[in-house]
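Asks: Quick note: the sequence shown uses our numbering, first residue 1, plus one each step.
Check before you lean on any hint, since a few could be wrong.
[Claimed, not checked] Label pairs and their calculated CB-CB ranges:
1. A264 with E387: 55 to 63 Å
2. S72 with A261: 16 to 24 Å
3. G362 with R190: 27 to 35 Å
4. G355 with G318: 17 to 25 Å
5. P377 with Q221: 47 to 55 Å
6. T78 with A264: 26 to 34 Å
7. H374 with A202: 47 to 55 Å
8. A77 with F384: 40 to 48 Å
9. D236 with G318: 33 to 41 Å
10. S51 with G238: 31 to 39 Å
To be clear, the hints were calculated from the coordinates, so they are not data collected in a lab. The C-beta atom is built at its ideal place from N, Cα and C for all residues, glycine as well.
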Amino acid sequence: MARTIAVMTGTRADFGLLRPLLTELRDSPDADLRIIATGSHLSAAHGMTVSEVRAAGFEPAAEIPIWGDDDSSVAAATDTGEAVAAFARALADMNPDVVVVLGDRLEAFAMATAAAILLIPVAHIHGGEITAGAMDDALRHSITKLSYLHFTTTDDHRNRVIRLGEAPDRVFNFGAPVLDSLVSLPLLDRPDISDRFGIRFAEHNMMMTFHPAAFDVASAQVMIDELLAAMGDLADEGVHLIITGTNNDIGSSEVRAAIAAFVAARPDQVDYVESFGQLGYLSTMKQMSVVTGNSSSTVLEAPVLGIPAVLVGNRQEGRPMSAGVLHPAVTRSEIRDALTRALTPEFRAAAATAGTPFGQPGFARKAAAELITHDIPTPPKKQFWQEST
1 MARTIAVMTG
11 TRADFGLLRP
21 LLTELRDSPD
31 ADLRIIATGS
41 HLSAAHGMTV
51 SEVRAAGFEP
61 AAEIPIWGDD
71 DSSVAAATDT
81 GEAVAAFARA
91 LADMNPDVVV
101 VLGDRLEAFA
111 MATAAAILLI
121 PVAHIHGGEI
131 TAGAMDDALR
141 HSITKLSYLH
151 FTTTDDHRNR
161 VIRLGEAPDR
171 VFNFGAPVLD
181 SLVSLPLLDR
191 PDISDRFGIR
201 FAEHNMMMTF
211 HPAAFDVASA
221 QVMIDELLAA
231 MGDLADEGVH
241 LIITGTNNDI
251 GSSEVRAAIA
261 AFVAARPDQV
271 DYVESFGQLG
281 YLSTMKQMSV
291 VTGNSSSTVL
301 EAPVLGIPAV
311 LVGNRQEGRP
321 MSAGVLHPAV
331 TRSEIRDALT
341 RALTPEFRAA
351 AATAGTPFGQ
361 PGFARKAAAE
371 LITHDIPTPP
381 KKQFWQEST
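Hey, can you work out the whole structure from these sequences and the hints?
Replies: Printed below as a string of structure tokens:
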């Protein structure tokens, strides 16, 4: 009998990471895949990216809107509580054998909470990581304790999950999911990118993605202002800028307003794309001279593609860094100097061969096999594991 596996996707980013796994599960006769679309997928302000899920050939079994327009911390807490209730009702109707969540966002925390209370096993992807500059860190480790199966991306992350009391035979290091996408997706060339998204290219091109970090809300305005000022300096020297939409985390409205003003003031130097989707995002990144911002793509995707990255702020602090990633202080001059260095032929050549600390492709196949075959007790009872002394 096929195992019913529910997979939650809440953003354009996590859908891109999950897509190879979803394909493996959809194509397996031993899995009954149920996709739950939620979060910014169902937000008009963020492009209603549930359409990208359907365009990829996946029909959601449930669509659950959970976020309103208010990006305050009170609204986030209230919406998260309501999300737990909505997810609980959906899971009770669906009755899956296991629920898959990825990462550290509030919707992943809410889904893991609902599933754990309903005694439905949770499989967590990207656990054990540290991002000291964000509330995501606390959420990620909480999701770890709510989960039964764990798919980490490095041995260090696996060991950290084990130190949190999870038994080693339930914790797997299969590498980063994005590596599967990078070897399986046929990336677009410049003419295709321009046709699809209306963006322009110059000799040197820079892409920026910036999100607020929950522990940095007060300084988000300072960070985005310093970053945009540094980018403007390089734009004045002929570097073409491409900026993507921010997420819907606490403080996003201030970031979005600063970006909108910057784009409006420099129409000949900047192209703005709200949502590329994974194929468009990776294809465009591959064509860049440098990428910047505070997205995880600066430490995950950019090094795999061999593109120099300049990471701004502490949102990714604690994650392993490739030698192709620069991390300057958050001042206009320091960021500008780092971007200038990243554009040099010497640094670009070094970044092209620096590699990634996040393993090798193969995550989707290995994770699907565990999700389908792993012996999970009913209910999924577990004990705090610690090494015998």
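Asks: With reference to the structure, classify each hint as holding or not holding.
Replies: Tested hints:
For the hinted restraint 55 to 63 Å between A264 and E387, the CB-CB distance of approximately 58 Å keeps it satisfied. Distance hint for S72 and A261: a CB-CB separation of about 21 Å, consistent with the stated range 16 to 24 Å. A hinted range of 27 to 35 Å for the beta carbons of G362 and R190 is consistent with their spacing of about 30 Å. At about 20 Å, the CB distance of G355 to G318 agrees with the hint of 17 to 25 Å.
Distance hint check: the CB atoms of P377 and Q221 are about 49 Å apart, consistent with the given range 47 to 55 Å. Take T78 and A264: their Cβ atoms lie about 33 Å apart, and the range 26 to 34 Å holds. A hinted range of 47 to 55 Å holds for the C-beta pair H374 and A202, which are about 50 Å apart. At roughly 28 Å, the beta-carbon separation of A77 and F384 lies outside the given 40 to 48 Å, and the hint is violated.
The hint said 33 to 41 Å for the Cβ distance between D236 and G318, and at roughly 34 Å that hint holds. The supplied range of 31 to 39 Å is met by S51 and G238, whose beta-carbon atoms lie about 36 Å from each other.
Violated hint for the displayed structure: number 8, the only one.
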